[in-house]
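Student: Taking this note's numbering, the leading residue of the sequence shown gets 1, the next gets one more, and so forth.
The hints are simulated quantities; they were obtained by calculation from the structure and are not laboratory data.
Keep in mind that this is a model prediction, so the values were computed, not measured.
Careful: at least some of the hints might be erroneous.
[As the list claims (entries may be wrong)] The calculated label-pair distances, taken between Cβ atoms and stated as ranges, are:
no., residue 1, residue 2, range
1, Arg37, Leu12, 12 to 22 Å
2, Phe63, Asn165, 16 to 26 Å
3, Gly281, Ala323, 17 to 27 Å
4, Glu38, Thr234, 50 to 60 Å
5, Thr240, Thr311, 55 to 65 Å
All residues carry an ideal CB built from backbone N, CA and C; glycine is no exception.
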Amino acid sequence: MNGHRHQRAFTLVELLVVIAIIGVLIALLLPAVQGAREAARRTQCINNLKQIAIAIHSYHDSFQRFPALGVRTIAASGREFHFYSWAMMVLPYLEQKNLFDDVMSAARDGSLPAPWSSWARWNRELPPYMCPSDLPPPNRTRSNALLNYKACVGDDYLQNHLTPNDPKVPGVQNRGIFQPERWINISYILDGTSNTVMLGEMVLGGRPGEIPGGVALNVTAANPAGCLARIDPTNPKMLTPPVQDETRPVGGRGWYGLPNFSAFSTMIAPNGPSCLYCADGCEFMGAASSRHPGGANVAMADGSVRFISQTIDTGNPAADDLASPGFRASPWGVWGALGSISGGEAASLP
Numbered sequence: 001m002n003g004h005r006h007q008r009a010f011t012l013v014e015l016l017v018v019i020a021i022i023g024v025l026i027a028l029l030l031p032a033v034q035g036a037r038e039a040a041r042r043t044q045c046i047n048n049l050k051q052i053a054i055a056i057h058s059y060h061d062s063f064q065r066f067p068a069l070g071v072r073t074i075a076a077s078g079r080e081f082h083f084y085s086w087a088m089m090v091l092p093y094l095e096q097k098n099l100f101d102d103v104m105s106a107a108r109d110g111s112l113p114a115p116w117s118s119w120a121r122w123n124r125e126l127p128p129y130m131c132p133s134d135l136p137p138p139n140r141t142r143s144n145a146l147l148n149y150k151a152c153v154g155d156d157y158l159q160n161h162l163t164p165n166d167p168k169v170p171g172v173q174n175r176g177i178f179q180p181e182r183w184i185n186i187s188y189i190l191d192g193t194s195n196t197v198m199l200g201e202m203v204l205g206g207r208p209g210e211i212p213g214g215v216a217l218n219v220t221a222a223n224p225a226g227c228l229a230r231i232d233p234t235n236p237k238m239l240t241p242p243v244q245d246e247t248r249p250v251g252g253r254g255w256y257g258l259p260n261f262s263a264f265s266t267m268i269a270p271n272g273p274s275c276l277y278c279a280d281g282c283e284f285m286g287a288a289s290s291r292h293p294g295g296a297n298v299a300m301a302d303g304s305v306r307f308i309s310q311t312i313d314t315g316n317p318a319a320d321d322l323a324s325p326g327f328r329a330s331p332w333g334v335w336g337a338l339g340s341i342s343g344g345e346a347a348s349l350p
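Taking the hints into account, I'd like the entire structure generated from these sequences.
Tutor: And the structure:
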């Protein structure tokens with residue numbers, strides 16, 4: 001014996017095997033970790049919706065009516081008016097009374113800056129209004145207040161941006177809970193609060209024309225089929241032009257109280273395309289949407305939160321909306337029926 005002790009080391013092959021095993025374990029664990037993170041984000045989104053629904057009911061308790069979708073006031077220029085959204089009106093019930101009072105103190109003369117301006121008071125991102133599963137829109141030039149949760153205007157398209165006292169169409173009524181400058185109380189929800197959608201998720205926006213998040217313009221057809229026809233046949237994740245530009249993403253102007261920035265309708269299934277009749281401030285066929293797989297969360301009028309599958313029954317997409325639909329059953333299936341407050345439908349979620 002020479003008295004030398006031999007020390008055994010790892011061979012290159014053994015080291016590579018260990019590295020490979022570690023890589024396999026990481027690959028197996030990573031989806032589980034990502035799934036757990038998304039589950040936590042989705043839970044937070046549900047909690048946000050519940051919190052906002054409670055705030056809206058607190059507003060109702062205070063004023064015996066739900067907030068309007070938007071309320072007009074004169075702009076700071078004194079030459080034009082803008083609609084300011086329900087999301088501003090319920091701030092005191094979301095522990096944001098200081099912000100609300102600050103905004104109102106600046107409006108004592110009846111004027112406020114445009115909802116998309118760079119006014120410092122507008123540039124507040126409020127956690128209850130943002131879903132952690134989503135990403136901010138890529139262009140924030142004219143997108144100051146992010147809003148992932150929108151009010152439901154019902155199964156309406158042709159008149160969902162009008163006020164009840166609009167001189168061109170006097171007396172027009174949305175079939176959903178919300179409408180610009182219309183305040184209704186809970187007794188108007190004849191279909192039942194557990195069967196009527198009050199709020200829903202909508203992604204903030206991505207690339208122009210992306211589905212979901214983008215908006216197709218100049219969709220004059222009064223039915224969902226006209227909007228669905230704008231899906232690019234060569235790329236089902238995109239819309240065909242013209243589309244809304246990236247400085248006006250649907251989730252980027254939360255203080256703007258018109259449908260194309262603070263509302264959605266129940267005519268096209270969640271995660272489907274969204275369409276506008278014109279370039280801005282007009283009829284909006286907005287689809288609920290989210291970054292959660294398979295659908296989007298909604299808050300019903302009773303405050304409960306439900307997940308709506310993107311495969312929910314949407315009835316006949318070729319059925320035309322009517323200028324004054326009144327008390328009629330929705331032609332757009334279970335989803336359309338859930339949006340109306342008084343359609344007389346028996347539809348409900350299981």
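Student: Now look at each hint and say whether the structure bears it out.
Tutor: Hint check:
no. : hint                        : in the structure
1   : Arg37 / Leu12: 12 to 22 Å   : 36 Å, violated
2   : Phe63 / Asn165: 16 to 26 Å  : 19 Å, holds
3   : Gly281 / Ala323: 17 to 27 Å : 18 Å, holds
4   : Glu38 / Thr234: 50 to 60 Å  : 30 Å, violated
5   : Thr240 / Thr311: 55 to 65 Å : 24 Å, violated
In terms of the numbered hints stated before, the structure departs from hints 1, 4 and 5, listed from lowest to highest.
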